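*Asks:* Assemble the complex: chain R is given as a structure, and chain F with the ligands must be docked to it using the hints.
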Amino acid sequence: MKRLACYSIKGGVGKTAGAVNLAYALSEAGGPTLLLDLDPQGASTFYFRMRPSRGLKAKKLLTDTERLLSAIRGSDYENLDVLPANLSFRNLDVLLKSLKGSRRRLSHSLDLIDGEYENAVLDCPPNITLLSENVLTAADVVLVPVIPTTLSERTYRKLLDFCHEHRIPTAKVYPFFSMVQTNNRMHRETMERLRAEDPKFLNTSIPFTVEVERMGIHREPVLATQPRGRAARAYRELAVEVLWLLEGSGRGD
Amino acid sequence: MTPSKTTAAGSRRPASARWTVPVTTSVANLLEALTKDWRCVSGRRTVRRVQYFDTHEWGLYFNDLRLTLESGGLRLAPLEESESGVAPTLLDLDSESPPRFWWEFPQGDLRDALSSRLGLRALIDRGTLRISTLPVDIKNRDDKTVVRSSIESFADAKKPRRTIFRALTARAVRGYDDELTAFESTVAEQLELDTDSRTVFDRLLEYQELVPTPYTSKPKVFIARGESLRETVVAMLRASLELVDANTQGTIDDVDTEFLHHFRTSVRRSRSLLSLVKGALGADIEDRLKSDLRELQQRTNRLRDLDVFLLDQAAFRSLLPASLHPGLAAWQLVLEAQRGQEQKRLARFLRSASFERKMTSMRRQIEQASANDPTATGESPSALAGPEIVLKRYRRVRKRGRAITPSTPDEAIHDLRIDCKKLRYTLEFFESVLPADTLGTVLPRLKKLQDVLGDFNDLAVQQAELRDMFDDLDHGKPQAPEIALALGGLIATLYSRHERQRDKVLANLQGFVGSDIKTAFAQLEQP
Ligand SMILES: Nc1ncnc2c1ncn2[C@@H]1O[C@H](COP(=O)(O)OP(=O)(O)OP(=O)(O)O)[C@@H](O)[C@H]1O
Ligand SMILES: [Mg+2]
Numbered sequence: 001m002k003r004l005a006c007y008s009i010k011g012g013v014g015k016t017a018g019a020v021n022l023a024y025a026l027s028e029a030g031g032p033t034l035l036l037d038l039d040p041q042g043a044s045t046f047y048f049r050m051r052p053s054r055g056l057k058a059k060k061l062l063t064d065t066e067r068l069l070s071a072i073r074g075s076d077y078e079n080l081d082v083l084p085a086n087l088s089f090r091n092l093d094v095l096l097k098s099l100k101g102s103r104r105r106l107s108h109s110l111d112l113i114d115g116e117y118e119n120a121v122l123d124c125p126p127n128i129t130l131l132s133e134n135v136l137t138a139a140d141v142v143l144v145p146v147i148p149t150t151l152s153e154r155t156y157r158k159l160l161d162f163c164h165e166h167r168i169p170t171a172k173v174y175p176f177f178s179m180v181q182t183n184n185r186m187h188r189e190t191m192e193r194l195r196a197e198d199p200k201f202l203n204t205s206i207p208f209t210v211e212v213e214r215m216g217i218h219r220e221p222v223l224a225t226q227p228r229g230r231a232a233r234a235y236r237e238l239a240v241e242v243l244w245l246l247e248g249s250g251r252g253d
Numbered sequence: 254m255t256p257s258k259t260t261a262a263g264s265r266r267p268a269s270a271r272w273t274v275p276v277t278t279s280v281a282n283l284l285e286a287l288t289k290d291w292r293c294v295s296g297r298r299t300v301r302r303v304q305y306f307d308t309h310e311w312g313l314y315f316n317d318l319r320l321t322l323e324s325g326g327l328r329l330a331p332l333e334e335s336e337s338g339v340a341p342t343l344l345d346l347d348s349e350s351p352p353r354f355w356w357e358f359p360q361g362d363l364r365d366a367l368s369s370r371l372g373l374r375a376l377i378d379r380g381t382l383r384i385s386t387l388p389v390d391i392k393n394r395d396d397k398t399v400v401r402s403s404i405e406s407f408a409d410a411k412k413p414r415r416t417i418f419r420a421l422t423a424r425a426v427r428g429y430d431d432e433l434t435a436f437e438s439t440v441a442e443q444l445e446l447d448t449d450s451r452t453v454f455d456r457l458l459e460y461q462e463l464v465p466t467p468y469t470s471k472p473k474v475f476i477a478r479g480e481s482l483r484e485t486v487v488a489m490l491r492a493s494l495e496l497v498d499a500n501t502q503g504t505i506d507d508v509d510t511e512f513l514h515h516f517r518t519s520v521r522r523s524r525s526l527l528s529l530v531k532g533a534l535g536a537d538i539e540d541r542l543k544s545d546l547r548e549l550q551q552r553t554n555r556l557r558d559l560d561v562f563l564l565d566q567a568a569f570r571s572l573l574p575a576s577l578h579p580g581l582a583a584w585q586l587v588l589e590a591q592r593g594q595e596q597k598r599l600a601r602f603l604r605s606a607s608f609e610r611k612m613t614s615m616r617r618q619i620e621q622a623s624a625n626d627p628t629a630t631g632e633s634p635s636a637l638a639g640p641e642i643v644l645k646r647y648r649r650v651r652k653r654g655r656a657i658t659p660s661t662p663d664e665a666i667h668d669l670r671i672d673c674k675k676l677r678y679t680l681e682f683f684e685s686v687l688p689a690d691t692l693g694t695v696l697p698r699l700k701k702l703q704d705v706l707g708d709f710n711d712l713a714v715q716q717a718e719l720r721d722m723f724d725d726l727d728h729g730k731p732q733a734p735e736i737a738l739a740l741g742g743l744i745a746t747l748y749s750r751h752e753r754q755r756d757k758v759l760a761n762l763q764g765f766v767g768s769d770i771k772t773a774f775a776q777l778e779q780p
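Chains R and F, in that order, are what the protein sequence lines are.
What the first sequence shows, in the numbering used here, is residues 1 to 253, in sequence order.
What the second sequence shows, in the numbering used here, is residues 254 to 780, in sequence order.
So that you can see chain R by itself, here it is in the shape it has in the complex (with noise of 0.2 Å):
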């Protein structure tokens, strides 16, 4: 099971709309997609037509696979399940701080599933704690959604910062240009400048679209609603260039 995480320090950027039309684009090229929403406000649950699970507690999810198992719901989507957000994921970092071997949770419940599913994509809330750490440890590719403006860049920065501050390989983290304003001068001199200066930014930019503002009224990916769309066309195309560093990942399977 290759696992993609979908990260940034920085809220309202564009992760969970990535991580819940790449879940859709990953399902359909590269087989059984489970989309772990992470985040307590529940916004990748929402867009399936969840609702938040009861049942899960956030200390099952680190200690229970069998709960973990069963806290899983289908989708509407062939190929694509979905663990909802649960409210107490908010104590997810005092529960993980009380554990043992804290920093590689995450990671062991994600290798209590492994086998279930091809491809595992996480959604993350958006602040620094030792839950980022623990999704940053996890995953195989971690992708941080950045909106062509100087603020947004700072955090990229941070979040770098962070990974070296605790020892996490940045290798694995990959930026990708996110909510994309072509007509913009700003967004485009900004690309521009970024990705002379860092290479490691994707191809594929994710442009802001109606079609995806709207997401939170259809309840259901864009690649679903406008399979043929803009949005979709860049979210498909993102997920190629993902599979290619999943498989290079090096994740034996």
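Because the hints were derived from the structure by calculation, they are not lab data.
No experiment lies behind these values; they were computed from the predicted model shown.
Note that CB positions come from ideal geometry on N, CA and C, so glycine has one too.
Do not rely on the hints blindly, as some may be mistaken.
[Stated by the list, open to error] Examples of chain R residues lying across from chain F (beta carbon under 7 Å, computed):
no. : residue
1   : Asp76
2   : Asp81
3   : Arg104
4   : Met191
5   : Arg193
[To be verified] In silico DMTMM-like links for lysine to aspartate or glutamate, alpha-carbon gap of 20 Å or less:
no. : chain 1 : residue 1 : chain 2 : residue 2
6   : F       : Lys392    : R       : Asp114
7   : F       : Lys392    : R       : Glu220
8   : F       : Lys597    : F       : Asp498
9   : F       : Lys675    : F       : Asp704
10  : F       : Lys597    : F       : Glu548
11  : F       : Lys411    : F       : Asp430
*Replies:* Below, chain F with the ligands without anything else, positioned relative to chain R:
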């Protein structure tokens, strides 16, 4: 990761249910009824054609399997599995219909799975369904799909307009088991539908008025208490003639070689019965029946010989070096051509009025015998006469068997084989009036001995037959020398095998003429 471990939606086998819907309830009515309690969103209707195959003996059905052809793909699946199940396509066909025999399939899982279940039998068409499926997603208040249901209408593909049965199915979505349970109770309580435990294939068979029955080429005739020998013989002959009948059409149509084989087995058993239980029907009738049966046997001899040679080709190949294989292949073509002609000739006979008359006449003889005044032998009770006849046969085997030494000529061994065969027949005829422990001791040992003797005989007979084949060769044909080479090679190989087989015969015989078998037979002696 192996795909079999995958349990994600779609590849996992989720909980499911299936109900019978009366054909009088239309799809629209059913949907309307469901909509009272559930939000239903129907998808696009799809139509599929599924063709079923099995053998004459239902070799797949009785192994709880079904073989289907759908859009050019062959699937072998458990009988119980839903038609829209997850059975993978095992073979994509280029042609309209699948190969007939397992050995005509390409090497692989499907061929392996079929070989033991089909034996020498051909796959035959068991009907085609036209399945029209309307998927209906059941949604909750968030418009999330919580149950995947569908309405399936089944029709005979030949009469697609008439639905023969209809079903409602429901499959759980992972994590929404409670919703499936609730849906199930709606269907049971509001719609009052019954769950359907019969398989789709069973319903198709029922519609076609086909009843899979275990087939046997040996009719078991139970001898009632106090039954006379005449009654027993009449019952057995009736059953055998029925089997001849049952195998006639398949022989004419040349479905597979087993039809002729069983046709002949029934004829042979009837002949043996008449000669082993002499006088039960009166000499007149017995003679006439015997001569009719002999004719049936003689008319089928040649085709059966050719069948056996063709079935043996693979074994022959393994006996010869590769350099002789081209000759073998050329010979096979000759055999196939001869078989084609012979089959036509026999089919013509089996379709003729003369065959029809013969069968009618035999049936009449049998009924006549049962209506006539009984002969003295015919009147004696089977329960007494049977064991006596068996004992007589056993004594013959024992006497001849004990006389056999390593230097006995082949002929004596062949005679012993005939005696064993007769003993076996009498044991089977009178099985129901013989002590079970005698049968339990004797039959397995006798079967083993017969196998060894049978091989010994086949090896000798085949040598002679191959020699005849050589004589019959059209020596002017360019392939003739190569075929002759292959035949010569085979004769030499069979010869040396035949010599070795003799030791096996002697070893098995030792046991059979010994004291424990004698004790087992002693139980049949009348006080
Ligand atoms: N490409 C896009 N085009 C238009 N709107 C977008 C796009 N990507 C995201 N949005 C919108 O921006 C908002 C934030 O996006 P999203 O929820 O994906 O970000 P996030 O990083 O997951 O946020 P949070 O940190 O709160 O979890 C949402 O309303 C979403 O619909
Ligand atoms: Mg989010």
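*Asks:* Determine for every hint whether it applies to the structure shown.
*Replies:* Okay, the hints, checked on the actual structure:
no., hint, result
1, Asp76, "holds (4 Å)"
2, Asp81, "holds (5 Å)"
3, Arg104, "violated (21 Å)"
4, Met191, "violated (36 Å)"
5, Arg193, "violated (42 Å)"
6, F:Lys392 <-> R:Asp114, "violated (30 Å)"
7, F:Lys392 <-> R:Glu220, "holds (14 Å)"
8, F:Lys597 <-> F:Asp498, "holds (18 Å)"
9, F:Lys675 <-> F:Asp704, "holds (14 Å)"
10, F:Lys597 <-> F:Glu548, "holds (18 Å)"
11, F:Lys411 <-> F:Asp430, "violated (39 Å)"
In this structure, the hints that do not hold are numbers 3, 4, 5, 6 and 11, in rising order.
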